[in-house]
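Participant: Counting in this note's numbering, the sequence shown runs from 1 upward without gaps.
Do not rely on the hints blindly, as some may be mistaken.
Claimed, not checked - EDC-like cross-link-like pairs, simulated, lysine to aspartate or glutamate; straight-line CA separation at most 20 Å:
no., residue 1, residue 2
1, K101, D79
2, K101, D44
3, K101, D42
4, K101, D34
What the hints assert, rightly or not - Here are the computed distance ranges between Cβ atoms for each label pair:
no., residue 1, residue 2, range
5, R115, V84, 34 to 40 Å
6, L124, A78, 16 to 22 Å
7, L117, A78, 28 to 34 Å
8, R115, D81, 38 to 44 Å
9, G64, S103, 36 to 42 Å
10, R104, P83, 19 to 25 Å
Calculated from the structure, these hints are not laboratory results. We treat Cβ as the ideally placed atom computed from N, Cα and C, and that holds for glycine.
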Amino acid sequence: MNGQWYDAEAGPLVRPYAMTGGRTKPGPHGVRFDLIALVAVDPDGGADEGAESLLGPEHRALLGLCGSGTQSVAELAADADLPVGVVRVLLGDLLEGGHVKVSRPVPPARLPDERILREVIEGLRAL
């Protein structure tokens with residue numbers, strides 16, 4: 001994605017603050033994009049072709065990465081070769097525009113205990 005915007009000797013030609021318009025926080029909603037937050041394209045979103053054409057190249061690149069399946073914020077930053085802070089701001093724009101949806105993975109505290117799962121498996125085997 002950034003091949004055309006990167007000069008091996010000079011570094012990135014477009015600085016991160018330019019990609020976000022100088023913003024450092026994602027959107028007016030104050031959404032927190034943790035590194036493990038899961039991002040997917042919102043199929044029911046109100047985004048139409050005209051609205052998508054107004055997005056910057058970085059926004060479109062993130063949408064393309066999400067189009068192949070649900071991605072974490074960390075994966076998106078790595079795959080887009082952008083700083084995590086920039087990705088968070090861009091994702092805030094996409095969320096506000098209805099292009100993506102964000103979910104949280106199940107916290108480990110809410111997952112069933114391994115002991116309970118083993119008892120269920122053994123109970124099923126006993127049938």
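Participant: Please go over all the hints and tell whether each is borne out by the structure.
Facilitator: Going down the list of hints, with the structure as the test:
A hinted pair counts as satisfied when its Cα atoms are at most 20 Å apart, and K101 with D79 qualifies at roughly 19 Å. Proximity of K101 to D44 is assessed by CA-CA distance (about 10 Å); at most 20 Å being required, the pair is judged to hold. Of the supplied pair hints, the one linking K101 and D42 holds, its CA atoms being roughly 5 Å apart against a limit of 20 Å. For the given pair, K101 sits about 14 Å from D34 by alpha-carbon distance, which is consistent with the 20 Å threshold.
Roughly 36 Å separates the CB atoms of R115 and V84, a value that falls within the hinted 34 to 40 Å. Remark: the range hint 16 to 22 Å for L124 to A78 is contradicted by a beta-carbon distance near 39 Å. The given range of 28 to 34 Å is respected by L117 and A78, whose C-beta atoms sit roughly 32 Å from each other. Hint check: R115 to D81, Cβ distance near 43 Å, so the stated range 38 to 44 Å holds.
Judged by the Cβ atoms, the range 36 to 42 Å given for G64 and S103 is violated: they are separated by roughly 20 Å. The beta-carbon spacing between R104 and P83, approximately 22 Å, falls within the hinted interval of 19 to 25 Å.
Of the numbered hints given earlier, the model fails hints 6, 9; all others are met.
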